[in-house]
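Peer 1: Chain A is fixed; fit chains B, C and D onto it per the hints.
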Amino acid sequence: MSPRRTDTGGHVDRLKTIRFTFDGVAYTGHGGDTLASALLANGVTLFGRSFKYHRPRGLLSAGVEEPNALVTVLKGEVREPNIPATMVEIHDGLIAVSQNRFPSLTWDIHAVNQLGGKLLSAGFYYKTFMGPVVGPLKGTRFWMFCEHFIRRAAGLGSAGSAKDPARYERMNAFCDVLVVGSGPAGLMAAKTAADQGARVILADLEPRFGGSANWSGETIDDASAADWVRRTVAQLEARDNVRLLPRTTVWGYYDNNTLAALERVSDHKAQPAKGEPRHRYWAIRAGSVVLATGAFERPLVFPGNDRPGVMLAHAAERYANEFGVLPGQRVVVFTNNDSAYRSALALKQAGAAIVAIVDVRPQPSAEMSALAGEAEAELLSGHAVVATEGGKALSGLKVQRFDMVAGALSGDARSVHADCLLMSGGWSPTIHLASQAGAKAEWNEALQAFLPPKRTQKWVGAGAFNGHFMTLEAILDGRNAGLTAVGATVAPMAYPHIESLPCDPRPAPVFEIKAKGKSFVDFQHDVTAEDVRLAHREGFVSVEHLKRYTTLGMATDQGKSSNVPGLAIMAEALGKPIPEVGTTRFRPPFAPVSIGSLAAERFGDLKPERLTPMHDWHVDNGATMYSAGLWYRPMIYGLSGETVEQAYVREAKATRENAGIVDVSTLGKIAVQGPDAAAFLDRVYTNMFSTLAVGKARYGLMLREDGFAFDDGTTWRLGDQDFLMTTTTANAGKVMQHLEYFLDVIWPELKAHVTSVTDEWAGAAIGGPKARQILAACVTGTDVDNATLPFMGIVHGEISGVPVMICRLSFSGEMAFEVYSGAGHGTHVWEALVEAGRPFGLVTYGLEALGTMRIEKGHVTGAEIDGRTTARDLHLDWMLSKKKPFIGSAMMDREGLVASERLELVGLIALDNRPLNGGAHIVEEVDEANPHGSIGHITACCYSPALGKHIALALVKGGKARHGTRAHVSDPLRNRFGPVEIVSNHFYDPEGTRMHG
Amino acid sequence: MAEYSALSLLANALKGNKDWKPAWRKPDPKASYDVVIIGGGGHGLATAYYLAKDHGITNVAVLEKGWLGSGNVGRNTTAVRSNYLLPANTRFYEHSMKLWENLSHELNYNVMFSQRGCLNLAHTPAQFDDYARRGNAMRHLGVDAELMTPVEIKRLIPALDISNDARFPVVGGLMQRRAGTARHDAVAWGYARGADRRGVDIIENCEVTGFLRDGDRVTGVTTSRGDIRAKKVAVAVAGSTGRVMQLAGIETMPIESHVLQAFVTESLKPFIDTVVTFGMGHFYMSQSDKGGLVYGGDIDGYNSYAQRGNLPIVDEVMSEMLALFPGLARVRMLRSWGGVCDMSMDGSPIITMGPLPGMYLNCGWCYGGFKATPASGWCFAWTIAKDQPHDFNAPFTLDRFHRGLVIDDKGQGANPRLH
Amino acid sequence: MLITCPYCGPRDVIEFTYQGDGNRERPDPASQNFEAWNAYVYDRLNPAGDHNEIWQHSGGCRVHLRVVRNTLTHEISNVAFVRGDHSSAARRKAEDKP
Amino acid sequence: MAERQSPLEPEFHVGSHGNFEHGVEILLTETRPGSIVQLAAWPGEEKTLMAAIRAVTGLALPDGAGGGSSDGVKSVFGFAPGKFTVTDEAEGLASAFAKVVAPAMGTVTDLSHGRTAIRIAGPKAEWVLSKFFAIDFALPAFPVGAGRSTTHHDVFAQIQRTGTDQFDIYVFRSFARSFWKALCHASEEVGYEVQ
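Protein chains in written order, with the numbering used here: chain A, 1 to 997; chain B, 998 to 1416; chain C, 1417 to 1514; chain D, 1515 to 1709.
Same shape as in the complex, but just chain A (with noise of 0.2 Å):
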């Protein structure tokens, strides 16, 4: 057995052991131990170092308030980083270091820092490190320099580069009640409300129900408190309306009573179960939410209380009695309330000395006195303790009569020998998810304590929460809560029989013993009851500056212990109630939150894949995949041995040689169905459709309201009332929602469907000379000549058998068709038309030959429209109908978007022969060493095979009225200089005759 186990109590399992490491160091624990009580029942008494002095330090608390013992636990390569060992369950395997140490944690360099402790002061930083105002180091550059350094000291454990195997998922619920926390209250509230047969889900952070019961020695209906949470466990777990989550912290309540909640689902495991996830997030939607919280024992503030060995009275309680450790053989108490009391007591049952309670009040209630006199402690009232010794672990400490009322220290300081000291500074309800949820917390002078806001949203709190510490009132509110969240009528009910010691639950207002010595307020971050003092001084007395300018509260902790002692300081030096100080609100997380457990299913999945039908066969033929939003689409179909630009180039000329097929899927589709779908289609179209006839398809033109250009494509009319608009892949779900909203919200009285059937189609343009051939020998139950399939006509036939309309437009400039068919066969038509194209040097190609035939045309894509440009700098005024009035014309005049000095859109040729670059600029004279006087700039570019030039799609100011000027490109960032031809965007056979065939 380890030094400091006991040999009986507790919840853990002595018959199995556990082997784990601790910075290298082998050591066992048992069944049901954190690292935190396993490491104190083998003697260890340091287990991390403060942030800024690197002092040493053990443990402050048995909880997820635990500011000192921060370890990173290793899974292999992946790290996690400070984790407090009081929340890690141990399993066999573990291994944990210490963090902020060099080169270890029992000899740490960093301590140095102890030494200029008052130059250390609070925002120290912010009044040196500038520098000099000239020189090398004048700017920003000294202080960057300083930084470096600064950097490497500060910070706790560190993160990993290597991805974490584990899995996370979410997990969405919905309940009735949602309880939080599982001692005697929300045990209570939670068996309430499911015997009314409500839907109730019980979380609690810990991986055992209970809570308090599970320490307090306390007899429950003549029953331990233990075993009475053993049975109550039990009954709900019986009940299939009730979800018990254990290891699960709820650390954000939301709007609407939404809540989120963290369940460690396998960490304290060896090894998950397959396909089990480490971290499971609840995001749960409750009806209404029982908060049985409890409450956070506070410290004392007092020279050396942050001393290995000084600890929360509670919590020394809780590694005896739930734990079976004693955190000490000698031990004092410090209290200013009752509570620590019964701590003392149950440390002395357990077999320590309990050698003083200094109670900082005159005098204590009998029962306490009765209760010293038990515990067989030399009771010290009107007493504090005013220094603590010892290295990395107590040795002893200083006592010295106390006069609470002026706060003065008289007498001697008397020394006594202990190894372990525990303090009690009263209670602060755990509110946290009250005032997340919305309000402002209520200071209670009697309890000296915040107490819940008012109610903001569904919930009812209980017990300790509510500032009701004794386990009896804990019991009655959890059942009154029950009831009042299943919204049932709150009824009396028979006592339960509670035998528990007396305990008066109001402290005596003592925060800080003022005496000579670093008196920690924040231990995780070094804040001291100076340093609250200097924030005053110097004005930041605001509790948000308070924080900020100390960082008191700002550490991993959240300030659980710290709050209330350092407003309490600013309070007394301000002259000036503590509530008039204020509250920080508090956010969420309640304690801090995986990451991983957040992006949850989506870690490592970003983002779905989304396939063509013909998807697999591109990658089956050679394609190489270019991912554009969530699609995925054919690049280039290069051969062995090709660049991109050469493989690009070969689809694009033999394409114009002979024909190539593209898989055009992507572009979006949308049914516009109804007697006023023509009408419709009018006004959001700059353009007429009304006039097109049923077979015909219309390339449209769309504005924002705001009048500029919005998204293009053409849109096929299959019946009277019956359309197909097609829409750029890239907007596709943008030009959905225009269109739903303006017949949802603008015209409701329009009788127009429009339905997503961008997935219902395989799309397969095949264009070039040989285009109409190819079809020709493949298509079957029409015609595909000039005058059965003329210009943007339609007609409908079948390939190999499957049903396919067939659009004739051209993207690519060449006679060209689109094909399409039902999904599911457009791999089956793609196919066929390839093998009927293969006699005629068909070729397939990808987004690089498309953008480099469409370059050549000058039609506009994306790059284009790209949010800022109106439908006269895209040359497409020609669409802009005067007839009637669309979304966008009313707009679409104003000063700004008619300006002379608006970027239009032309046409680049590089006049030295060599390859343009996206993003270049356009200048009229180079300045190489200072590029300015940008007059646009190249929005896709491409070397064209059918110029044998290198070629651009610009956005110049003037525009057109530089046609056949020179300027040149600028691109400093890739030192791409050269002299450009200006011309129009219409490279390639600008009348049209080749796909007007």
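Read the hints as simulated data drawn from the structure, not as lab findings. Keep in mind that the hints are not guaranteed to be accurate.
Stated by the list, open to error - Per label pair, the in silico range of CB-to-CB distance: (1) B:Asp-1270 / A:Glu-928: 22 to 32 Å; (2) B:Asn-1202 / A:Asp-13: 52 to 62 Å; (3) A:Asp-783 / B:Lys-1151: 50 to 60 Å; (4) B:Leu-1415 / A:Glu-925: 45 to 55 Å; (5) A:Ala-370 / C:Asp-1466: 28 to 38 Å.
All figures in this text were calculated on a predicted structure; none of them were measured in a lab. Glycine is no exception: its CB is placed at the ideal position from the N, C-alpha and C atoms.
Peer 2: Leaving out everything else, chains B, C and D in the frame of chain A:
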């Protein structure tokens, strides 16, 4: 008042730090001022500072309804950059950058401006070209910018996943080396101290409840601490612009107030030495000197004055974070908070005279306000002092929307949610 | 935040797309009143308190909803279809509830 | 006619997968209906359209939002006001409806290729679906026959409960493979069989 320096720090430490004086006074409001500035945030304080320092106007009050710096200057992700696309923005933010570069000296207050660079990651060749367009636009205005390859990026940020099997592989990035981060609170405190030293009254816990009017003309304000007359009333309350303008009878503005959440992890040893942004979503991150990773993403996307947001953005931001840094799955989010942003109709700010006589307006900062603080104050002070805008803020008028002279860096049109 | 869609019931805000100030009135399509157009496109009420706004249930039934939501507390006091004609469906939903 | 290609094919691995400690608790399959049709009524024509649905499919639609029913071959459910999804194992449903749904009643949109139907069944079906969708899958909240429109980030889904432990999920074809993979991944924890 004492200068701050290493020497004064030492001298005071030897005296037990007993002699430090308040960083700014806590005066009661006077009955009248030459200029009253509504809003004791970064922009209001900077305006007061430059009014006093550059224009000799010191009979100035800054009115703050809560504690100084309680708005967005105290709740942002601290990035400072001037890497904009459109010239009006680039010029303005570059002016700000130049002021930042000397700000600690100027204020005798270490605002910890750390020029650690800001890197925008590109994930497709098309996006890379977009960034090239932006970078070249910057270079043509004399602003530093460079493109980086994935290999260079990996060297700079070893923890970044640049593998090809990433859902959105990194194909390159746009780097502005002079960009960086600053200690946000210190900026407010430094300007407050600087303005206070030049005679400006900074009045906290003083809420403006209405405007004093003489016909159309604004002649002062009513406050929770009494009426205050002023020759000029300047409004710098981004986040609350709608509320304050409604007090002046102006019902609608080209602004929506939206909540933007931000996050910080527990303190870590140095993990990333630059500011980085994700290109296939909305995510940005840097590391504070204390060691916390400071990061955020998109606004929640609905009108709010609540300074708190909801879970969808939390989840989205964390998912994008891990897409770039899969090693951070076990690191823990420590704290989240929300700030209220004035989202304007084109994503760019407003610094202008008017809209009422005697009134001056500074608003619409979207989520670019922190980095703008020095130039915003500088330009606003100029505009107030000279009754005309400086060239830097001349494009940022209120009537530009109606005239179609929008400055739409993202090209999203009149949809504030998307800027 | 949950929005109770009259058709789909309470759903998380993630399923909805915000479409902004619902007080704006679109001028008649042929109107040449530029002030009214500008006000419609650019000017927003942006109150601190109850806000009449439009949301699309884009991740559900895709219908547009008129929502009254407090911008200080996020509390939602009313949700209805923007187009009145769906109210019959909404009533049916209400009767559906056990 | 050529057989329709499933978008799931390369990721459709028939057999048992995942953790079998407690047996197979999830069955996954693609139902591949011959017809998936969307019907949408003009305001005021909902009842007439419902009657037309009954005439064509023989399925009576219960009143109310999201109401639906299924006979194992044909299924129908409401997914939006006045809008319904109807499926049939056989092809040709769209043309059957085109004959009876007059332009004055509403519109018929054939989505037989555009949506992929995935069936998840078993005692853990609610559990696994709750990992993706923020809707209440409990039987009282989501009765048999009823339909729901919802979304998992970019993946839009219509879900019909076709049994106490069985749900049919209709997703956009282009997203189907990604969603299928995610669904399999999420089912590993409880053990699943692809049929």
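Peer 1: A separate judgement is required for each hint: does it hold in the structure or not?
Peer 2: Structure-based check of each hint:
{"no.": "1", "hint": "B:Asp-1270 / A:Glu-928: 22 to 32 Å", "verdict": "holds (31 Å)"}
{"no.": "2", "hint": "B:Asn-1202 / A:Asp-13: 52 to 62 Å", "verdict": "holds (57 Å)"}
{"no.": "3", "hint": "A:Asp-783 / B:Lys-1151: 50 to 60 Å", "verdict": "holds (58 Å)"}
{"no.": "4", "hint": "B:Leu-1415 / A:Glu-925: 45 to 55 Å", "verdict": "violated (37 Å)"}
{"no.": "5", "hint": "A:Ala-370 / C:Asp-1466: 28 to 38 Å", "verdict": "violated (60 Å)"}
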